[in-house]
Amino acid sequence: NAGVTQTPKFRILKIGQSMTLQCTQDMNHNYMYWYRQDPGMGLKLIYYSVGAGITDKGEVPNGYNVSRSTTEDFPLRLELAAPSQTSVYFCAARGEGGNNQPQHFGDGTRLSIL
Amino acid sequence: GDSVTQMEGPVTLSEEAFLTINCTYTATGYPSLFWYVQYPGEGLQLLLKATKADDKGSNKGFEATYRKETTSFHLEKGSVQVSDSAVYFCALSAFGGDKLTFGTGTQLKVEL
Numbered sequence: 001n002a003g004v005t006q007t008p009k010f011r012i013l014k015i016g017q018s019m020t021l022q023c024t025q026d027m028n029h030n031y032m033y034w035y036r037q038d039p040g041m042g043l044k045l046i047y048y049s050v051g052a053g054i055t056d057k058g059e060v061p062n063g064y065n066v067s068r069s070t071t072e073d074f075p076l077r078l079e080l081a082a083p084s085q086t087s088v089y090f091c092a093a094r095g096e097g098g099n100n101q102p103q104h105f106g107d108g109t110r111l112s113i114l
Numbered sequence: 115g116d117s118v119t120q121m122e123g124p125v126t127l128s129e130e131a132f133l134t135i136n137c138t139y140t141a142t143g144y145p146s147l148f149w150y151v152q153y154p155g156e157g158l159q160l161l162l163k164a165t166k167a168d169d170k171g172s173n174k175g176f177e178a179t180y181r182k183e184t185t186s187f188h189l190e191k192g193s194v195q196v197s198d199s200a201v202y203f204c205a206l207s208a209f210g211g212d213k214l215t216f217g218t219g220t221q222l223k224v225e226l
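Heads up: the sequence lines are chains A and B, in that order. First residue of the first sequence? That's 1 in the working numbering, and the numbers climb one at a time after it. First residue of the second sequence? That's 115 in the working numbering, and the numbers climb one at a time after it.
One chain only, chain A, in its complex shape (with noise of 0.2 Å):
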């Protein structure tokens, strides 16, 4: 069972370069979500989407921009990479069933800007 799958797993980019971070579930889930995890803060929610088509800004959405055309994938995009992006980070994805349904979380994507 794949569930969750990020790609890449690690990546190195320069200042001003742009990149798309990867997800898609095969678990024909609504509902998937972006996090950030930067070191002993938790993780924040960056965007998330109910289903295809639909797409919603997070706590954090600044510099970051998402798409939902199939309800596999989910891809964040970064236009502009700063420093301030260097984190960790989660795709999850989530069932219908209301709020009591856990979300399953992909192995991250480590990002570091240079």
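None of these hints come from the bench; they were simulated from the model. A quick note: this is a predicted structure, and the numbers were derived from the prediction, not measured. Yeah, the Cβ is synthetic: ideal placement off N, Cα and C, and Gly gets one too. Keep in mind that a hint or two might mislead.
Unchecked claim - Which residues of chain A face chain B? A partial, calculated answer using Cβ under 10 Å:
1) Asp-26
2) Tyr-31
3) Gly-40
4) Val-50
5) Gly-53
6) Asp-56
7) Pro-61
8) Asn-99
9) Gln-101
10) Gln-103
What the hints assert, rightly or not - So these bits of chain B aren't anywhere near chain A, every CB distance computed over 12 Å:
11) Glu-130
12) Ala-131
13) Gln-159
14) Leu-162
15) Thr-165
16) Thr-184
Stated by the list, open to error - Over 12 Å on every C-beta distance to chain A, these chain B residues come out as not near it, computed from the model:
17) Glu-129
18) Arg-181
19) Lys-191
20) Ser-193
Given the coordinates of chain A, assemble chain B onto it according to the supplied hints.
Using the frame of chain A, we list chain B on its own:
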């Protein structure tokens, strides 16, 4: 808004010691409560959950009871192992909500 407060780590214990990691929350209504575990280099995994007051979630020897009167969801284990070394996150999902609110995480180190 909703929030989760966890005890700061790292927590260092000897193998077979008793573990408690405190978690308190602030939320309107009746949230669902979760504990997630993150092993080094991996993503978060659900450890246990509770969805209403007085529910007890349990898994792999870990337990937590949803206490509405004290707005708490403390994680306990009677005898920890070296393999339990990880970061533990308490989280809530508001009733009718789509999102999780996480605590800052508590690192647990278990030594022989």
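Hint check:
1. The beta carbon of Asp-26(A) comes no nearer than 15 Å to any beta carbon in chain B, farther than 10 Å, and the hint placing it at the interface is violated.
2. Among the interface hints, the one on Tyr-31(A) holds; its C-beta lies about 6 Å from the nearest C-beta in chain B, closer than the 10 Å criterion.
3. Satisfaction of the interface hint for Gly-40(A) is found here, the shortest Cβ-Cβ separation to chain B being roughly 6 Å, below the 10 Å cut-off.
4. The interface hint given for Val-50(A) is met, as the beta carbon of that residue sits about 6 Å from the closest beta carbon of chain B, less than 10 Å.
5. The interface hint given for Gly-53(A) is broken, as the beta carbon of that residue sits about 16 Å from the closest beta carbon of chain B, more than 10 Å.
6. Taken as an interface hint, Asp-56(A) checks out: its beta carbon lies about 9 Å from the nearest beta carbon of chain B, inside 10 Å.
7. Given the 10 Å rule on beta carbons, the hint for Pro-61(A) is violated: about 13 Å separates it from the nearest Cβ of chain B.
8. With a cut of 10 Å, the hint placing Asn-99(A) at the interface with chain B holds, because the nearest CB-to-CB distance is about 4 Å.
9. Annotation: Gln-101(A) was flagged as interfacial toward chain B, and the flag holds, the nearest CB pair being 8 Å apart, inside 10 Å.
10. The beta carbon of Gln-103(A) comes within 6 Å of a beta carbon in chain B, closer than 10 Å, and the hint placing it at the interface holds.
11. Distance check on Glu-130(B): its Cβ is at least 28 Å (rounded) from any Cβ of chain A, clearing the 12 Å threshold; non-interface status holds.
12. Every CB of chain A is more than 12 Å from the CB of Ala-131(B) (nearest about 24 Å), matching its label as outside the interface.
13. Residue-level check failed: Gln-159(B) sits 7 Å from the nearest beta carbon of chain A, not beyond 12 Å.
14. Distance check on Leu-162(B): its Cβ comes as close as 10 Å (rounded) to a Cβ of chain A, failing to clear the 12 Å threshold; non-interface status is violated.
15. The beta carbon of Thr-165(B) is not kept farther than 12 Å from every beta carbon of chain A, the shortest such distance being approximately 4 Å.
16. In this structure Thr-184(B) is separated from chain A by more than 12 Å, as the shortest Cβ-Cβ distance comes to about 21 Å.
17. Consistency note on Glu-129(B): stated as away from chain A, and its beta-carbon is indeed over 12 Å from all of that chain's, at 26 Å minimum.
18. In this structure Arg-181(B) is separated from chain A by more than 12 Å, as the shortest Cβ-Cβ distance comes to about 17 Å.
19. In this structure Lys-191(B) is separated from chain A by more than 12 Å, as the shortest Cβ-Cβ distance comes to about 20 Å.
20. With 12 Å as the threshold on Cβ separation, the claim that Ser-193(B) sits away from chain A holds: the shortest Cβ distance comes to roughly 26 Å.
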